[in-house]
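Protein chains: 2
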Amino acid sequence: MPLPFADRLNNVETSAIRELFKLLGKPGIISFAGGFPDSAMFDVEGIKEAANKALTEEAGGALQYGATEGYNPLREQLAAFMGSKGVTVAPDGLIVTTGSQQALDLLGKTMIDPGDKVIVEGPTFLATIQCFRLYGADLVSAPIDANGVDTDELEKLMAEHKPKFVYLIPTFGNPSGAMLSLERRKKVLALAVKYNTLVVEDDPYGDLYFNEAPPPSILSLSKDVPGSRELIAHCGSMSKVLSPGLRVGWMIAPAELLAKATMCKQFSDAHTSTFAQATAAQYLKAGRMPATLAKVRKAYGERALAMGAALKRELGDAIEFTQPQGGLFFWARLTGAGGKTKDAGEFAKRAINQGVAFVPGAPFFAGEPDVSTFRLSFATADVGKIEEGVARLGKAL
Amino acid sequence: MPLPFADRLNNVETSAIRELFKLLGKPGIISFAGGFPDSAMFDVEGIKEAANKALTEEAGGALQYGATEGYNPLREQLAAFMGSKGVTVAPDGLIVTTGSQQALDLLGKTMIDPGDKVIVEGPTFLATIQCFRLYGADLVSAPIDANGVDTDELEKLMAEHKPKFVYLIPTFGNPSGAMLSLERRKKVLALAVKYNTLVVEDDPYGDLYFNEAPPPSILSLSKDVPGSRELIAHCGSMSKVLSPGLRVGWMIAPAELLAKATMCKQFSDAHTSTFAQATAAQYLKAGRMPATLAKVRKAYGERALAMGAALKRELGDAIEFTQPQGGLFFWARLTGAGGKTKDAGEFAKRAINQGVAFVPGAPFFAGEPDVSTFRLSFATADVGKIEEGVARLGKAL
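Residue numbers (our numbering), protein chains in the order written: chain A, 8 to 404; chain B, 8 to 404.
Take these hints with a grain of salt, some might be off.
Listed below are the simulated DSSO-like cross-link pairs for lysine-lysine, each with C-alpha atoms no more than 27 Å apart in a straight line [as the list claims (entries may be wrong)]: (1) K392/B <-> K55/A; (2) K60/B <-> K302/A; (3) K292/B <-> K305/B; (4) K292/B <-> K55/B; (5) K302/B <-> K392/B; (6) K55/B <-> K60/A; (7) K305/A <-> K392/A; (8) K302/B <-> K60/A; (9) K356/A <-> K305/A; (10) K392/B <-> K60/A; (11) K193/A <-> K169/A; (12) K305/B <-> K292/A; (13) K402/B <-> K60/A; (14) K55/B <-> K55/A; (15) K55/A <-> K305/B; (16) K292/B <-> K292/A.
Just so you have them, the derived chain B footprint on chain A, three or more residues with Cβ under 8 Å [claimed, not checked]: (17) 130 to 139; (18) 149 to 161; (19) 190 to 198.
Chain A stretches covered by chain B per the calculated footprint, using a threshold of three residues with CB under 8 Å from any CB of chain B [said to hold, decoys possible]: (20) 49 to 61; (21) 210 to 223; (22) 243 to 253; (23) 270 to 277.
Because the hints were derived from the structure by calculation, they are not lab data.
Glycine included, each C-beta is placed from N, C-alpha and C at the ideal position.
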């Protein structure tokens, strides 16, 4: 007899992507499918030094139970890191989370009652969709373009659905790669105040810009919009810039929300690994982050340029896309030009047969999917692999 | 205007213990209040070596995203570790969790619908009570004695309440220190089968025995009770024997439950820190665990003996308790002999004034509390401090 599982599990489906990922093991496959940074970029020596320092200077703190809110030396470093990006926050104005995925989970746990509306971008991060649905959220999808979420449409949806909160990845979003314009960021803040609605700014990619820095974060801009700061939750992460394996993220939010999230976290995992937290704190303290960021930006920038040029050359007007200015992803749409397929799922299957993998866009939509879309990561393949992989895409199409 | 938090937050109260813990900062306080191991017992050199090895030999794995189920080298080591304790389990028969607290959270997420009954021991681990209540569980308390849960009463409660599952800490439980007898372990397995009900065996303390090893785990005994293995979830942890700061726990459970828990974990924190997992795996592989366990058992055994003798000497018949054979805790009851107080909350306040802290028992009861009970940890004070602290307890009473 099967175990009597909770009803909430019926709200999520097994990932459509999972099936595709099983095929990635085929020998010789060039993968643009992953959502992760390049392991070759990790500053292994710097992290090793930081871990050694943590275990030498503060073994008690690094190996013992710690405060649920986070390890204080790390909270201080993260507050300073955010300060360098224009956000004034005290160390106790943030909590450390087990990756920013946990921040999403804590937002779900603290905020979402079954049936509550939550507005997300269409498309948005797949694990956000599933995470919020596990808490019973009824997701509403707001359309985006190359400048991020369409704030006029967003306002209509906020007025109509009165959501518990709005979830955005404003900077180089996954999967869209889009960057919310400065004007729209200000509009989002105005909407938060007008509708007295929490806005969650998920920002794991903001530091990965290639040339110009993106507009300031929504959180940073909140200082110019009276009343808005108390309506913004901002999620940050070390995963894309330092190492996902540490599982160190953080959340800056109104004090009341932080207190509730901390209570929920206490019963979720007690606290984030103090060993990982102390290591991350020592790493930041050693001042190695700027050089690491510079290296990562340069490498990913070159790869993004190479991929954009190759896509134009090999696929021409059969696809359309906006060249990303940061992050890890191209988001593209099959145009059907020349009678070619407009079905990205079909395209993905053909691509696997040609030895190249990517992720179709449909699963990233909480609402009606655009099946002509797909996501390409340029992060983990070098320029040579990118050119070869895109040539295979051309053959597949 | 306050944020519109989810209704589930109304199911938990701010911990009564939290208030007490604030007083622990007073200078000169001897604390028997904590539930953590002694930092002085940590094998810092061994962990440092393991971390260095992980970052030298497998930096890619230790710093990159990993499988939600756990890092394979660690799953292999944990399967072997469980094998050394009489449990046959394949590496893919367990998942790694972010401390065993996360295993509890995943059990709640996968199993509990609001209003579901769950049977726990009275008393039981405080964070279990709160964790399950956040998922809306209606907890039913089964009485215990020095031999663990009363299985006759447990059967009555299972028949009456038809719980989603039964949660037990059979070996040196927190807070009771009790050890479930072999006979009762077999009865629990029979009850699982008879009522077709999942039994969760939380076992963070089983390795911390002082002399004789405790009876085999319920999971290990399941091989003798046909059909029972598919009804047991077993939670293990590195926290009490190696380091809580790593946040490495694991869960062994029926395949269907592991699959659902893995899906929930994917949207909770993606995976447990691969950095911590690779470090734990290297530690186990280096073969240092037996010596570490021997050292910890010896130290805690001496402290438990010293505390037992001091309690008899200083408090006499004003309290009653069973001398623990392992774990971290004494569980005692005020008898009221000689007209002394039977209110452990009152006793705790007086004790703080005398410079010694402990935790009253009431919050550990999901049902009607026994206010004459209290918990003393002997783990973090050395023998001299224990004797001085218990002398202060005598003065306080």
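Hints, verified against the model:
1. For the suggested pair K392/B and K55/A, the alpha carbons sit about 37 Å apart, so the restraint of at most 27 Å is broken.
2. The straight-line distance between the Cα atoms of K60/B and K302/A is roughly 25 Å, inside the 27 Å bound, and the hint therefore holds.
3. Of the pairs offered as hints, the one joining K292/B and K305/B holds, with about 23 Å between alpha carbons and a cut-off of 27 Å not exceeded.
4. Among the hinted pairs, K292/B with K55/B is consistent with the structure: their alpha-carbon atoms are about 14 Å apart, no more than 27 Å.
5. Annotation: proposed proximity of K302/B to K392/B holds, straight-line Cα distance about 19 Å (limit 27 Å).
6. A C-alpha spacing of about 10 Å is found between K55/B and K60/A, which places the hinted pair at or below 27 Å, so the restraint holds.
7. The straight-line distance between the Cα atoms of K305/A and K392/A is roughly 17 Å, inside the 27 Å bound, and the hint therefore holds.
8. A C-alpha spacing of about 25 Å is found between K302/B and K60/A, which places the hinted pair at or below 27 Å, so the restraint holds.
9. A hinted pair counts as satisfied when its Cα atoms are at most 27 Å apart, and K356/A with K305/A does not qualify at roughly 32 Å.
10. Our distance criterion of 27 Å between C-alpha atoms is broken by K392/B and K60/A, whose separation comes to about 31 Å.
11. A distance of roughly 20 Å separates the Cα atoms of K193/A and K169/A; the hinted pair therefore holds under the 27 Å criterion.
12. About 39 Å separates the Cα atoms of K305/B and K292/A, which puts this hinted pair outside 27 Å; it is violated.
13. With a CA separation close to 44 Å, the supplied pair K402/B and K60/A exceeds the 27 Å bound.
14. Annotation: proposed proximity of K55/B to K55/A holds, straight-line Cα distance about 10 Å (limit 27 Å).
15. In summary, the hint linking K55/A to K305/B is not supported, as the alpha carbons are separated by about 33 Å, beyond the 27 Å threshold.
16. For a cut-off of 27 Å, the pair hint linking K292/B to K292/A is broken: about 32 Å separates their Cα positions.
17. Taking a C-beta to C-beta cut-off of 8 Å, the region 130 to 139 of chain A contributes 3 residues in contact with chain B, enough for the three needed, and the coverage statement holds.
18. Counting residues of the region 149 to 161 of chain A whose CB lies closer than 8 Å to any CB of chain B gives 0, which falls below the minimum of 3, so the coverage claim is violated.
19. Look at the region 190 to 198 of chain A against chain B: 0 of its residues bring a Cβ nearer than 8 Å to a Cβ of that chain, fewer than three, so the hint is violated.
20. Proximity of the region 49 to 61 of chain A to chain B, defined as three or more residues with a beta carbon under 8 Å from a beta carbon of that chain, is established by the 6 residues found.
21. A count of 0 residues in the region 210 to 223 of chain A with a Cβ less than 8 Å from any Cβ of chain B is obtained; the coverage claim is therefore unmet, three being the minimum.
22. Under a criterion of three residues with beta carbons nearer than 8 Å to beta carbons of chain B, the stated coverage of the region 243 to 253 of chain A is upheld, 5 such residues being counted.
23. Residues of the region 270 to 277 of chain A with a Cβ under 8 Å from some Cβ of chain B number 7, which satisfies the need for three, so the listed coverage holds.
Going through the hint list in order, the structure does not satisfy hints 1, 9, 10, 12, 13, 15, 16, 18, 19 and 21.
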